[in-house]
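With chain A's structure known, arrange chains B and C on it following the hints.
In case you want the letters, here they are:
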Amino acid sequence: MEKTAKQKSGLLSKLSGMTDSNLLLTITVVVFILMYIGAMVFLGKGFLKPQAFFNILNENAALIILSCGLSLVMITGGIDISVGGVTALVTMSCAVYLDYHNGSVAGAMLLALGIGLAFGLVQGYLVAYLDIQPFIVTLAGMFFAKGMTTIINSDPFNVANEKFVALKNTRVNVPGMGSYNKKGIYVNAYVEIGVIIAILIVILMFMILRWTKLGRSFYAVGGNRQSALMLGINVKRTRFLSQLFCGILAGIGGFVYFLHVGSGAATNGAGAEMNAIASSIIGGTMLTGGVGNIIGTLFGVLSLSTIKNIVASAGLDQAWWTGITVAAMLCIFLVVQSIVVARKK
Amino acid sequence: MKKILELKNIHKSFPGVLALQGVDFSLNEGEIHALMGENGAGKSTLIKVLTGVYTKDEGQIMLDDEEVHIKSPQDAQRMGISTVYQEITLCPNLSVAENMYIGRNEALLQNWKKMNEGAEKILQSLDIPAKATQQLASCSIAVQQMVAIARAVDMECKVLILDEPTSSLDEQEVEKLFKLMRDLRSRGVGIIFVTHFLDQVYEVCDKITVLRDGKLVGEYAIADLPRVELVSKMLGKELDDLSDIKEKDKEEVKEDNSEILFETKGLASDQGIKPFDFHIRKGEVNGFTGLLGSGRSECVRAIFGADKVISGTVRKNGTEIKINKPIDAMKNGIAYLPEDRKIDGIIGDLSVRENIILALQVMKGFFKPFTKAEANKFADEYIKLLSIKTASADTPIKSLSGGNQQKCIIARWLLTHPEYLILDEPTRGIDVGTKVDIQKLVLKLASEGMSITFISSETDEMLRTCSRLIVMRDRKVVGELSGDELNQTMIMNTIAGGESDAEK
Amino acid sequence: MQKNKFQISNIFRNQIFIPLAALILLALFNLIMDPSFFKISMGQNAAGNPVLSGYLITILDYGSELAILAVGMTLVTAASGGQDISVGAGIAITGSVILRMLCGTNSRPDELRMPIICAFLIAVIAGMLCGAFNGVLVSWFKIQPMVATLILFTAGRSIAAWINNNELPIVSEPSFGYFGNFIPGIPVPTPFFIAVAVMIVTALLLKFTNLGLYVQAVGINAKSSRLNGLNPTFIKFLTFVLLGICVAVAGLIKVSRLSTINYSVVAKDIEMDAILAVALGGNSLSGGKFNMTASIIGAYVIQFLTTTLYKFNVKSTALPAYKAVVVILLVVFSAPVVREFISSKWKQFKNSGKMQKEVA
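Residue numbers (this note's numbering), protein chains in the order written: chain A, 178 to 522; chain B, 16 to 519; chain C, 58 to 417.
Don't read these hints as lab results, they were simulated from the structure.
Every value quoted in this text rests on a predicted model; they were computed, and no experiment measured them.
One should not assume that every hint holds.
Said to hold, decoys possible - In silico SDA-like cross-links for lysine to any residue, where the CA-CA straight-line distance does not exceed 20 Å: (1) C:Lys280 to C:Ser343; (2) C:Lys325 to A:Gly448; (3) A:Lys390 to B:Asn131; (4) A:Lys390 to B:Thr104; (5) B:Lys392 to C:Lys280; (6) B:Lys387 to C:Leu262; (7) B:Lys129 to B:Gln149.
Extracted from the complex, chain A is given alone in its bound form:
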């Protein structure tokens, strides 16, 4: 993976000799850079400000965390489509806890973690130890979470808890980045707390997947479950842990989402699972398992939101274009993957 930079500058001839992981990552990074340059050139000033880039991060901190979880399960050869539902459930539970039960922010964080942990534990057990198709299990998980959200509280509302609002409005200045506004005053670029959490998780996940034995076991199990077993890896436990981590990340992601929107609503995180899966796939994670990396996933999220921004600023601001664009990108990258797999044979 550290070779990527070198290989990116390399020639086309080099592409054919690359590993799947690096090839897919390279495609993603190139696509993102081209897209961003395109946006700057054709769509003008908005994209030139550093804050435009950091706003993408602010908007998508939760999605980055959810996508990390999905990349992890997908690398292990599973899938988890409950993350959007869990996000909604987390926002609603925390909102109710903070406003109706006078809860503390720390308590809300624990609550979010606990919800994610519970989903991860149950789904992981069903998938790994009872050997049920992950899609069905997590589909049920998604519906359960969505249903529970409205059972807890059916109406969306904004949280008024002061400490929480203060945390939500905290802005972390990015040193050395900024721009002058219309009045000519220098405004430092900022990110929200959620972005810091997301970046920490990206780094942590990258390290786990790259340098720990457990991380490499995820790849091994996703690459070939039978071989992994023969190599002495505890396959069931590895699969269980992947679903568990994804659940926990969904809990954290849900809280970050909550921190961004500041409200509890059943519609929070709607379609997040699709966006997260799409981001992972665009970022070079293979659905068939065993291939993918977190840096790619990060770029996947950025690409996805950049194209959404482009679509919006290009005047195609009707809501449906977003859905169609995401699906189209997903489709293209799925087909590319299918071709990459076929290339080997």
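Frame of chain A, contents of chains B and C only:
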């Protein structure tokens, strides 16, 4: 030389099968020892006992003169018995070094730098052309095989089992592998080498142990056992065994001057067989013979269009026909009973009736299903004709015994009234009674004018049924026997090749 | 006694037993809680036509569109060993197509631009195209069905909105409402008749073609099927196209009910119900043998469950939570691991029973 491994009086049985009956085996330090035997001889059972996949019923396993009890493959690895299987059991998406080290201990963290250095060192010392950080998938199959061996070596194995490692390698790759094996031998590792390629046995091995029908035939030094004798030991036939000279009966009915029905020229598929020419006459029974893995099945699969044909032509009654997929062959009157009944033959959850009518139904067409009455009539007719033992035609085929499943598949193809029937190992893994039934059936069908290709691992079955044999070795046709040449000795000589060629 | 036992186990083994047992349980539950659940009354609807009403009629009405989807979903499941999760989005698309064809660019037309049947046939083609898109991804590109259909699941409702330029056309022609409501003079809801028609067509298709045999053969053993001259790729593709037709029929019913469409709400979460119907019918979700009748009964049982939950004042948004529990229970008890565990426990139990008897 020191004995590192000794197996004494090993017994292992499965329901209805005595897989191993008192087998002894011993392996010295620094020795390459070939384990030979045909299908069902008990080689793989012995290896699975040794690697802890199966537990033995009786007997002793001595490692360095101490008795050991091996309970699992991990157990075996820990004791120093490593196995490299025919299919790569590594993870292609990981790096070479990772494949060598993963899953070997429970520690959470790994010093990757040290690991890569260690791996690099081993790779270099074994002269394996791979880098530690390279992705395994980017190595050739042979190198992947060698990486698996390197993993075993690094785990300080004393005994290395190579289970048909060469079947998917080309000649140069095999050469590299042999070099590695000789290298390990000089380091004192004992290697058990399982293969079907006789040439390879004579090229690298020091000793040969032959098994047959779950019993030990004997252990021989390589110099004491000429090829032909090895083949005869494996097949269980003495060279001067007069009793198997062909009985002059029904087979003589087939005249060589009847017209040629199917003919292939330079046919080759993507499964690595060398282009071959072949023909079959009307009412003839011929067969492909050769040891397992010699390409017998691949030839007939190419004729049937089951594998992707990459070159060559097929003619029927002299006119060229195109066979791209099985349905093309079926429409031209070819029927094919595949080698692996479970994977390619039966459709497990469907009933006996549905399994029997399937092929004919497909040929008849999507919009013309048989009525229930018709389907029942066909099924009942063939259940009776082939005396298939089943509770009813509605029983799912998977609940039948192997022999009866096979009869259903034969019924399926007979129902299509083929002109040319290919039977690939129709008698494997089924009871003796059914085997005889099938052989009788083959002769009867041929006398009615059907052309049949019969493939079997058991030579006497082929001698009893075939009037012409095509002999294969290492994925190419090496000879054709008919008439007086049809006897065990000639077959063995032709299969063995090498020496006997030189004699000529 | 031996014989008796045999018969009982036969009943248990029959696939239809599972959905029927669920149906009886639900009916009993309602009977105990509130027998008025089964009351059917004759009334008049807004147009002054006699109609039947009551919870059972609701089940018959809304269960029918589910049954239609279950037919296609069963085929897809059997052949490909996966499910199509884009059926809800597909209904939005086909429904939108019908409205677009009927109304053109005018969202409040005074008269229809073409006969309803023509609009419907065009919607069928649209449905088949959606199915074909999924089918190509699944059978040629070998992408897992659920993931392949994720694409349309994501984009479908947006495409539906785009077809009508995000407007919500309303059809004022009363005859358009017949398909999703009542035909004047007939007190039974029309969707039921449409479902019956679909069932008859399906039955004929299964009887007079080899669809059933081919689909099952491919689903059980694709390799072996190929050696018997079948084309597994095409058959998988075909099942997705057939599901597309079912989706179009369900789409017609859905838009006809309201004479308009709400892109984000129409047929929401219906894919879950359709998959559930197949599972409740005792069909393996990993493909192979199927029983169409059981799936169809399964669909009505799901609607029975939904209606029961509604009756107990469960909000429509909370429904998925309850259904999710049902799904999990179903898949857990049909998982091979769990089955083996239970049967081994059962054997142990029986053996210990025997031993006790012997001791006694």
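Hint consistency between Lys280 (chain C) and Ser343 (chain C) [alpha-carbon to alpha-carbon, up to 20 Å]: holds (16 Å)
Restraint status (C-alpha distance of Lys390 (chain A) to Asn131 (chain B) at most 20 Å): holds (14 Å)
Pair hint Lys390 (chain A) and Thr104 (chain B), alpha-carbon separation not exceeding 20 Å: With a Cα-Cα distance of about 18 Å, the restraint between Lys390 (chain A) and Thr104 (chain B) holds, given a limit of 20 Å.
Pair hint Lys325 (chain C) and Gly448 (chain A), alpha-carbon separation not exceeding 20 Å: Answer holds: Lys325 (chain C) to Gly448 (chain A) is near 13 Å, not above 20 Å.
Hint consistency between Lys387 (chain B) and Leu262 (chain C) [alpha-carbon to alpha-carbon, up to 20 Å]: holds (15 Å)
Pair hint outcome, Lys392 (chain B) versus Lys280 (chain C) [Cα-Cα no greater than 20 Å]: violated (27 Å)
Pair hint outcome, Lys129 (chain B) versus Gln149 (chain B) [Cα-Cα no greater than 20 Å]: holds (16 Å)
Comparing the model with each earlier hint shows a violation of hint 5 alone; every other hint is respected.
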